[in-house]
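S.K.: Sequences are here, hints too, so could you generate the full structure?
Each chain is listed here by its residues.
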Amino acid sequence: MGPFKLNDIPHINELPAIGEEFRDTKIEKHTSSLKERSEKSSKLLPSIREAIIATGLRDGMTISFHHHFRNGDYVLNMVMDEIAAMGIKNLTLAPSSLLEIHEPLIEHIKNGVIKRIETSGMRGELATAISHGLMEYPVVFRSHGGRAYAIETRRMRIDVAFLGAPSCDPFGNANGYSRENDNGVICGSMGYAKCDAQYANKVVIITDNIVPFPNAPFGIPESDVDFIVEVDKIGDPSGIMSGATRYTKNPKELIIAECAANVIEASGKLTDGFSIQMGTGGASLAVTRFLESKMQQKGIKASFALGGITGSMVSLFEKGLIKKLLDVQSFDLDAARSLINNRFHQQISASYYASPGNPGSAVNQLDIVVLSALEIDTDFNVNVLTGSDGVIRGAIGGHCDTAAGASLTIVVCPLCRGRIPTIVKSVNTITTPGKTVDVIVTEQGVAVNPRRPELEETLRKNGIEVCSSQELQEKAEKMVGIPKPIRYTDKIVGIVTYRDGSVIDVIRQVEEE
Amino acid sequence: MLFVPGNNPGMIQDAYIYGSDSIMFDLEDSVSVGEKDSARCLVYEALTNLDYGTKETVVRINSLESGLGISDLEAIVRARPNVIRLPKTEFAADVTDCEKEIERIEKKAGIAVGTTKMMAAIESAIGVLNAKEIAFSSKRLIGIALGAEDYVTNLKTNRSPEGTELMFARSMILHAARAAGIAAIDTVYSDVNNEEGLIAEATLIKHLGFDGKSVINPRQIAPIHKIFTPTEKDIKKSMAIMEAIAEANRKGSGVIALNGKMIDKPIVERAKWVLKLARVSGVLKDMEE
Chain A
1 MGPFKLNDIP
11 HINELPAIGE
21 EFRDTKIEKH
31 TSSLKERSEK
41 SSKLLPSIRE
51 AIIATGLRDG
61 MTISFHHHFR
71 NGDYVLNMVM
81 DEIAAMGIKN
91 LTLAPSSLLE
101 IHEPLIEHIK
111 NGVIKRIETS
121 GMRGELATAI
131 SHGLMEYPVV
141 FRSHGGRAYA
151 IETRRMRIDV
161 AFLGAPSCDP
171 FGNANGYSRE
181 NDNGVICGSM
191 GYAKCDAQYA
201 NKVVIITDNI
211 VPFPNAPFGI
221 PESDVDFIVE
231 VDKIGDPSGI
241 MSGATRYTKN
251 PKELIIAECA
261 ANVIEASGKL
271 TDGFSIQMGT
281 GGASLAVTRF
291 LESKMQQKGI
301 KASFALGGIT
311 GSMVSLFEKG
321 LIKKLLDVQS
331 FDLDAARSLI
341 NNRFHQQISA
351 SYYASPGNPG
361 SAVNQLDIVV
371 LSALEIDTDF
381 NVNVLTGSDG
391 VIRGAIGGHC
401 DTAAGASLTI
411 VVCPLCRGRI
421 PTIVKSVNTI
431 TTPGKTVDVI
441 VTEQGVAVNP
451 RRPELEETLR
461 KNGIEVCSSQ
471 ELQEKAEKMV
481 GIPKPIRYTD
491 KIVGIVTYRD
501 GSVIDVIRQV
511 EEE
Chain B
1 MLFVPGNNPG
11 MIQDAYIYGS
21 DSIMFDLEDS
31 VSVGEKDSAR
41 CLVYEALTNL
51 DYGTKETVVR
61 INSLESGLGI
71 SDLEAIVRAR
81 PNVIRLPKTE
91 FAADVTDCEK
101 EIERIEKKAG
111 IAVGTTKMMA
121 AIESAIGVLN
131 AKEIAFSSKR
141 LIGIALGAED
151 YVTNLKTNRS
161 PEGTELMFAR
171 SMILHAARAA
181 GIAAIDTVYS
191 DVNNEEGLIA
201 EATLIKHLGF
211 DGKSVINPRQ
221 IAPIHKIFTP
231 TEKDIKKSMA
241 IMEAIAEANR
251 KGSGVIALNG
261 KMIDKPIVER
271 AKWVLKLARV
281 SGVLKDMEE
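Chains as they are written, first to last, in my numbering: chain A, 1 to 513; chain B, 1 to 289.
If you are wondering where the hints come from, they were derived from the structure by calculation, not from laboratory data.
Being a predicted model, the structure only gives us computed values, none of them experimental.
Treat the hints with care, since some could be wrong.
Keeping only pairs whose Cα atoms sit at most 30 Å apart, straight-line, the calculated DSS-like set for lysine-lysine is [as the list claims (entries may be wrong)]:
no. : chain 1 : residue 1 : chain 2 : residue 2
1   : A       : Lys475    : B       : Lys237
2   : B       : Lys100    : B       : Lys55
3   : B       : Lys261    : A       : Lys294
4   : A       : Lys475    : B       : Lys36
5   : B       : Lys276    : A       : Lys461
6   : A       : Lys461    : B       : Lys233
7   : A       : Lys475    : A       : Lys435
8   : B       : Lys117    : B       : Lys226
9   : A       : Lys249    : A       : Lys269
10  : A       : Lys298    : B       : Lys132
11  : B       : Lys36     : B       : Lys55
12  : B       : Lys226    : A       : Lys319
13  : B       : Lys55     : A       : Lys461
14  : A       : Lys294    : B       : Lys100
15  : B       : Lys236    : B       : Lys206
16  : B       : Lys226    : A       : Lys461
17  : A       : Lys29     : A       : Lys40
18  : A       : Lys110    : A       : Lys43
19  : A       : Lys249    : B       : Lys226
20  : B       : Lys206    : A       : Lys294
21  : A       : Lys298    : B       : Lys237
22  : A       : Lys301    : B       : Lys36
23  : B       : Lys226    : A       : Lys478
24  : A       : Lys43     : A       : Lys233
25  : A       : Lys249    : B       : Lys36
26  : B       : Lys236    : A       : Lys298
27  : A       : Lys294    : B       : Lys132
28  : A       : Lys294    : B       : Lys226
29  : A       : Lys298    : B       : Lys272
30  : B       : Lys55     : A       : Lys478
31  : B       : Lys132    : B       : Lys237
32  : A       : Lys269    : B       : Lys117
33  : A       : Lys249    : B       : Lys55
34  : A       : Lys249    : B       : Lys206
35  : B       : Lys117    : A       : Lys478
36  : A       : Lys43     : A       : Lys5
37  : B       : Lys261    : B       : Lys251
38  : A       : Lys461    : B       : Lys117
M.R.: Structural data, given as structure tokens:
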């Protein structure tokens, strides 16, 4: 040691991240206690308005939210009302998804607060209004994986993310639950919010439960968080999640589920260490029950189950039939409780889950996925976004991500729903390309994608009766007839993007009756 | 036999996917008075347009006394179900009166006389006491069934989990059916969420000798089939019996024995019946493979 001069150091100008000479007058020594610091945390702001001001939000920027609070979400409407009151206009709204509760957005769109929307899906009055031409700019629909990819590649830049959290400490460690200070509002995994927290320019956590530091385990780390606002209520617990997703008692769904389980077994993919994801919907959830007995008979275990996790998956996990759960979204309280209590129930981000930019993403490690559909056509294209009347009423979710990633993609659906055929000649809106769907299971028969002759042969050899998708479509048509074509105008109200951001379809404005 | 309300298009259109051996479209008790016409039309259209494959199709009509029975027959006989089921049969004449109407309509519609089979449901004390006459009343009659809900009301009691109150009716109906050489079908089990109770009742009636049971929910089909399907042990034993017979016939031996037990005619009959059931239910095919 001894005195030195910076200029004496060889190659000093080429060495990165080296500053000036150290001077202790530049550092500050804190003597306050953890308690005092927690109370004075500079991230804690007294109101949403002050947080909006602090983020520097202004006209034309992009803001984001997550949809882990589902139809019990108060955060999005609360923040949007404040933004509108502050007179900020022309925003791009980019939540991970939208639900019925977000109907007040209609006014914000009419008043020019929101110019554009990017989302996985939407339902209710807002979706109906947009289908009827409410917005000038088309809504961009992205899958969960596609959204993560767009954010990571900076094609979608989020200026400010407002993320509701059921618990957060004064420095920003946030989570979908709290181990110590549960106030009754939990959502389990914060998977979809993780990308926003990581990549948004400014991140505001909105919570009704400030807990002591450190809020461990955390879903979002303090390093990703700029500001925290405490509010009275972030959501309605009953709308956020129900007690447990019950097994269906509908005999038709049970037949479909049992048949799907038989298809899985016959495919030869039900071997020790397999991986699986179940979509939502009565039939696909019920597949778990039939698989359980098959797994027990064979004495095999799954290496992991992925996705929106439900109580039925947790039950298999707790019986030791599934080794690990990867949870991007917890669907019910049983799932959320398991995330809290089980070491090998892991919270994952939308990128880890499904980003096409990440070859290691979990969907790419799937052996089997069982998915639902609003419509599926004879070429195996699936629609999960628009209803039989052409109106937006759904979400892409992880549908196309898992269909592409899994080595066996099964779509389960009834042949018809009431008088509406599910198997059609051509879907209203393509959200998942037929190339990625292998098998359709209905109560009236099983069809295998002609692109997979080897799979068809295996299934037949193992006792599954297989018909063509055309036969299923004709059967449906014989039952309920040919629906009247939907009348559209020329205006495009929605763009459906595939995982990589390419445009796979468009949604047109439906004509007024 | 799966009961399907005749006014429920959703259930009518896919009634055949649940694996019941027989589907009974109901125009009677499950259809309210205001919907009788629409149910009749629906069932007619279903039978003439939908393909129920190899399932036995049965239509329960309203009684002739109700004033609706003739209209039901006029439509339904033309739709050519396998079987017309009469409700609340009390006397042999109930069957023969209905048979006359069916024959008249068959002739008018150019359907071979006798094509339409019949089945009678017995749902009252008088019906039970007349079970024998009813069972022998018509060549069209392929079976008689117990309708327990009306029957217990008529008896001034109600249904118990053990079914003690049905013992007499079940025995009468079974004996009448066997004497006439037709099928005996047991009543429905109404508590659809009680699978244990369903299994207990089905086990009982199978042991009594019934040929089958009516169901009101598709979820009840699998448990009942499980009970009526011969076990692997039964099948193997029956096959061994048939082998022993074939062997004895080859040797010209009169007395046939298997594992030290004599095989006589009733045992052979039972073995044949077990193998027939096993073949129909598909389990024998699996075993042979």
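S.K.: Indicate, hint by hint, whether the structure satisfies it.
M.R.: Results of checking the hints against the structure:
1. A/Lys475 / B/Lys237: Cα-Cα ~43 Å, so violated.
2. B/Lys100 / B/Lys55: 26 Å, holds
3. B/Lys261 / A/Lys294: At roughly 40 Å apart (the allowed maximum being 30 Å), lysine 294 of chain A and lysine 261 of chain B break the hint.
4. A/Lys475 / B/Lys36: 28 Å, holds
5. B/Lys276 / A/Lys461: 26 Å, holds
6. A/Lys461 / B/Lys233: 27 Å, holds
7. A/Lys475 / A/Lys435: 23 Å, holds
8. B/Lys117 / B/Lys226: 28 Å, holds
9. A/Lys249 / A/Lys269: Given that 30 Å is the threshold and the Cα spacing comes to 27 Å, the pair holds.
10. A/Lys298 / B/Lys132: 52 Å, violated
11. B/Lys36 / B/Lys55: At roughly 24 Å apart (the allowed maximum being 30 Å), lysine 55 of chain B and lysine 36 of chain B satisfy the hint.
12. B/Lys226 / A/Lys319: 27 Å, holds
13. B/Lys55 / A/Lys461: OK: lysine 55 of chain B and lysine 461 of chain A at ~26 Å, within 30 Å.
14. A/Lys294 / B/Lys100: 54 Å, violated
15. B/Lys236 / B/Lys206: 20 Å, holds
16. B/Lys226 / A/Lys461: Given that 30 Å is the threshold and the Cα spacing comes to 25 Å, the pair holds.
17. A/Lys29 / A/Lys40: It holds: about 16 Å lies between the C-alpha atoms, which stays within 30 Å.
18. A/Lys110 / A/Lys43: Distance of about 33 Å is beyond 30 Å: violated.
19. A/Lys249 / B/Lys226: 19 Å, holds
20. B/Lys206 / A/Lys294: Within the cut-off at roughly 29 Å; holds.
21. A/Lys298 / B/Lys237: 28 Å, holds
22. A/Lys301 / B/Lys36: 54 Å, violated
23. B/Lys226 / A/Lys478: 33 Å, violated
24. A/Lys43 / A/Lys233: 19 Å, holds
25. A/Lys249 / B/Lys36: Roughly 29 Å between the alpha carbons, so the hint for lysine 249 of chain A and lysine 36 of chain B holds.
26. B/Lys236 / A/Lys298: 25 Å, holds
27. A/Lys294 / B/Lys132: 48 Å, violated
28. A/Lys294 / B/Lys226: 18 Å, holds
29. A/Lys298 / B/Lys272: Violated. Lysine 298 of chain A to lysine 272 of chain B sits at ~34 Å, over the 30 Å cutoff.
30. B/Lys55 / A/Lys478: Cα-Cα ~19 Å, so holds.
31. B/Lys132 / B/Lys237: 34 Å, violated
32. A/Lys269 / B/Lys117: 48 Å, violated
33. A/Lys249 / B/Lys55: Measuring from Cα to Cα gives roughly 24 Å; hence the hint holds.
34. A/Lys249 / B/Lys206: 26 Å, holds
35. B/Lys117 / A/Lys478: Answer holds: lysine 117 of chain B to lysine 478 of chain A is near 28 Å, not above 30 Å.
36. A/Lys43 / A/Lys5: 39 Å, violated
37. B/Lys261 / B/Lys251: Given that 30 Å is the threshold and the Cα spacing comes to 18 Å, the pair holds.
38. A/Lys461 / B/Lys117: 39 Å, violated
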